[in-house]
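Student: Here are the chains, one letter per residue:
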Amino acid sequence: MSDRGSYGSGRRDGGGGGVALVTGAGRGVGRAVAVALARRGLDIGVVDLGGTVAPGYRTLDYELSGGDDLESTAAEVRSAGRRAVVLDLDVRDRSAVRAAVPAVEDALGPITHLVVASGVVSGVPIHRMTRSQWDEVVDTNLTGAFNVVKAVVPGMASRRCGSVVLTCGSESRRGVGGVSHASAAGWALVGMAKAVAMEVAAAGVTVQVAALGPVGSVPVRSSRSYVEALVGPADDPVGDGGGPVGEGGVDARLAARHPQGRPWVDVDEAAAVIEFLATGSRAMTGVVVDVDLGQAARNSA
Amino acid sequence: MGMTNAPAGGRFAGQVVLVTGAAKGQGRGHAVRFAEEGASLLLCDIAEQLDTAGRMGTAEELEATADLVRAAGAAVVSRRVDVRDDVALQALVDDAVETFGTVDVLVANAGIATYAPLETLSDAWWDDMVDINLTGVANAMRAVAPVMRERRSGAIVATSSAAAREGVPNAAHYSAAKWGVIGLVKSAAIELGPFGVTVNAVCPMSVDTDMCHNQATYTLFRPDLDEPTRDAVADTFASLNVMGVPWLDVRDVTEAVVYLTSEAGRYVTGTALDIAGGWNAGHLA
Numbered sequence: 001m002s003d004r005g006s007y008g009s010g011r012r013d014g015g016g017g018g019v020a021l022v023t024g025a026g027r028g029v030g031r032a033v034a035v036a037l038a039r040r041g042l043d044i045g046v047v048d049l050g051g052t053v054a055p056g057y058r059t060l061d062y063e064l065s066g067g068d069d070l071e072s073t074a075a076e077v078r079s080a081g082r083r084a085v086v087l088d089l090d091v092r093d094r095s096a097v098r099a100a101v102p103a104v105e106d107a108l109g110p111i112t113h114l115v116v117a118s119g120v121v122s123g124v125p126i127h128r129m130t131r132s133q134w135d136e137v138v139d140t141n142l143t144g145a146f147n148v149v150k151a152v153v154p155g156m157a158s159r160r161c162g163s164v165v166l167t168c169g170s171e172s173r174r175g176v177g178g179v180s181h182a183s184a185a186g187w188a189l190v191g192m193a194k195a196v197a198m199e200v201a202a203a204g205v206t207v208q209v210a211a212l213g214p215v216g217s218v219p220v221r222s223s224r225s226y227v228e229a230l231v232g233p234a235d236d237p238v239g240d241g242g243g244p245v246g247e248g249g250v251d252a253r254l255a256a257r258h259p260q261g262r263p264w265v266d267v268d269e270a271a272a273v274i275e276f277l278a279t280g281s282r283a284m285t286g287v288v289v290d291v292d293l294g295q296a297a298r299n300s301a
Numbered sequence: 302m303g304m305t306n307a308p309a310g311g312r313f314a315g316q317v318v319l320v321t322g323a324a325k326g327q328g329r330g331h332a333v334r335f336a337e338e339g340a341s342l343l344l345c346d347i348a349e350q351l352d353t354a355g356r357m358g359t360a361e362e363l364e365a366t367a368d369l370v371r372a373a374g375a376a377v378v379s380r381r382v383d384v385r386d387d388v389a390l391q392a393l394v395d396d397a398v399e400t401f402g403t404v405d406v407l408v409a410n411a412g413i414a415t416y417a418p419l420e421t422l423s424d425a426w427w428d429d430m431v432d433i434n435l436t437g438v439a440n441a442m443r444a445v446a447p448v449m450r451e452r453r454s455g456a457i458v459a460t461s462s463a464a465a466r467e468g469v470p471n472a473a474h475y476s477a478a479k480w481g482v483i484g485l486v487k488s489a490a491i492e493l494g495p496f497g498v499t500v501n502a503v504c505p506m507s508v509d510t511d512m513c514h515n516q517a518t519y520t521l522f523r524p525d526l527d528e529p530t531r532d533a534v535a536d537t538f539a540s541l542n543v544m545g546v547p548w549l550d551v552r553d554v555t556e557a558v559v560y561l562t563s564e565a566g567r568y569v570t571g572t573a574l575d576i577a578g579g580w581n582a583g584h585l586a
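Quick note, the sequences are listed as chains A and B, same order. Anchor point for the first sequence: position 229 equals 229 in this note's numbering, and the numbering is continuous, going up by one each time. Positions in the second sequence are counted from 1; adding 301 to them yields this note's numbering.
The set of hints was computed from the structure by calculation and includes no laboratory data. This one's a predicted model, so the numbers in the text were calculated from it and none came from an experiment. It cannot be assumed that every hint is accurate.
Stated by the list, open to error - Incomplete in silico selection of chain A near chain B, CB under 7 Å:
1) G191
2) A195
3) G286
To be verified - Which stretches of chain B does chain A cover? Using the computed rule of at least three CB atoms under 8 Å from a CB of chain A, they are:
4) 316-326
5) 445-451
The beta-carbon is built from N, C-alpha and C at its ideal position, and this holds for glycine as well.
Chain A extracted, bound-state conformation (with noise of 0.2 Å):
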C-alpha cells in the first residue's frame, strides 16, 4: 500500500505502518476502524470504556461498551498480526486521555492516525431537555473529541505527520427535531475540525469528518429515544418495549427517511469510508464526507 508513505514513518522499529489512535473502540464503528486499520499494517491503541472505568452517564438509555469489548477488540487487531494498546477511559477526563498518548506512543511509537469514534446518543425534544441530557451528549461528542484533538494533534504537527478523521451523526449536516443537543454538538465537531484543518494544513496534517447516518449497531440502534426522534414524534412509543428497538415498524420508518430505502448504514460501510479518509485522503483536508443512504443528495452543501 503505496499510501502509508506519508503517514507511516512513525514506528519506533521502522516498519512504516504507523500508529492509529482509535476511540470509540470498543463496539461498532470504532471497533471496524480499528480492526481494518491493522489490517493495513498499522499498529492500534484502543480507546472506549472498557469497563474498569464506572460510566459517568445518567441520561442514557441503552447499555455503554464495557466489560470485555476492549479486549475483543484488541484480540482482533492482534490476530490481524499488529500490535495493540488498550485504554480503558472516559474521552470527558483530561487527565486519562492525556495519559494515553505516551501510553500508546511509548509502545508503539508516535502516533500518526487517529480516529474518533466514540459518541453518545439520546432523543429528546427542546422544551422538555434537561440540563444533563444536553450536558452528556455535548461533553462526550464535542468537548470529548476536543480533548482527543488537543492531545494528539500538535504533536503530529510537530511531526508533520498526520491523519485524523473525526466522526459525528447525520443531524451534524442539517436540523433534526429531536436531537437538538447532538445537532448542536455535531455541527460544533465540523466547525473545530475545519479550524483545525486550517491551523495544521501547512504541516501536511489533514483532518475530515465522517458523517454518518443511523449505523446499526450499538450505540444508534439501541437508543430508543433517538430512534424515536428520527421516526416519529417523540410521545409515540414504536419498536418493542425495553431492550433493543425491535425491528419491523421502526425499520421501515427509518427506511423510508432514506433516498437508498435502507435502515441503518451497516458499520463496515461506515469503517470503510473512515479508512478511506484515514489512509488515502491526502490531497484533502477540513472535508465532511456522508455516509447517509442519500440525505446528501438532499442536501444544499
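Position chain B against the provided structure of chain A, taking the given hints into account.
Tutor: Only chain B this time, still in chain A's reference frame:
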C-alpha cells in the same frame, strides 16, 4: 395587523423581549431598539469579568442599558444572570411570565471571543467558550421554549458568527461554539415550527464593539504589529470582505434581529443570516 402598517406604539408594542448579554455592545443595541419599538424588556448579563474572555460588561453598564430602555418608554426587568446557569435563566423567564404574562422574543446574544492556536488553547478557554456561546444559548432556548410552545407564538434569534460559516484558524473553540449554535437553531426550528415559533441565527462579521476593538482581536489580524491601533487594523479588517467594510455598526445586526422577530419575518425560520459584507459569498452554503 398588516405588514405594511406599523402598529401604533411600534412593531413590538405589547410584546415581551428577553435579551441576554445586554450590558453593552450588540445586546444593548438590540434592547434599546426593541424598547423604541414598544416592547417590554427583560435584560440580563453576567456583569462580571472572566479570565477567559475579553472585556465583559459591568453591573453599572447593565443598569445603564436599563436606563436607556426606560428612557425609551419601556417597562424593564434587569438582572445579573450568567447564561451558564440554566436554573437562574429559567427563574428569570418564570418571573417574566409572572410579571408580563409571557415572553414573545428571545435574543440569545450573550457571548465571548478569544483566540488561540490548538496547541496553546487551554481547557478553561475551551470550556468557557462552549459553556457560554453554545450551552448558554441552549439554556436560554430551553427556558423559553415551553412557554412559547404552549402559547403557539414566539421568535428566537441567536447570535452566531461569520466564523460559523467557514473554518477559522486560531479559533477552534469559538468556531465550534458558533457552528454549534446553527445546528441548535435548525433543530429547534424544526421542533417549534408547528407551534408558531421561529428560530434563527444571525452570523455577523466583526461588529464595532469591545469584542472587536481589543488587542487580542487586533493582534489576530495584524500579528506583525506590536500594539496595533484601530487605524492600523482597519484596512486589514476591511480586506476580509468584498465590500471593504472593517466592522459593522451594531444597528446592522439589530436590523436583522428585528426583521427576524417581527411580523415581517414571520415565516423565516431555521436560517443563518450572514451579515458580513460578502465574506460569505465565497461559501457554498
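Student: Next, verify each hint and record whether it holds.
Tutor: So, going through the hints one by one against the coordinates:
1. Given the 7 Å rule on beta carbons, the hint for G191 (chain A) holds: about 3 Å separates it from the nearest Cβ of chain B.
2. Contact between A195 (chain A) and chain B, as hinted, is supported at the beta carbon level, the nearest pair being about 4 Å apart and thus within 7 Å.
3. Nearest Cβ of chain B to the Cβ of G286 (chain A): about 5 Å, under the 7 Å cut. The hint holds.
4. Beta-carbon proximity to chain A at under 8 Å applies to 0 residues in the segment 316-326 of chain B; the threshold of 3 is not reached and the given coverage is violated.
5. Chain A is given as covering the segment 445-451 of chain B, and this holds because 3 residues of the stretch bring a CB closer than 8 Å to a CB of that chain, at least three being needed.
In summary, the structure is inconsistent with hint 4 from the numbered list given earlier, while agreeing with all the others.
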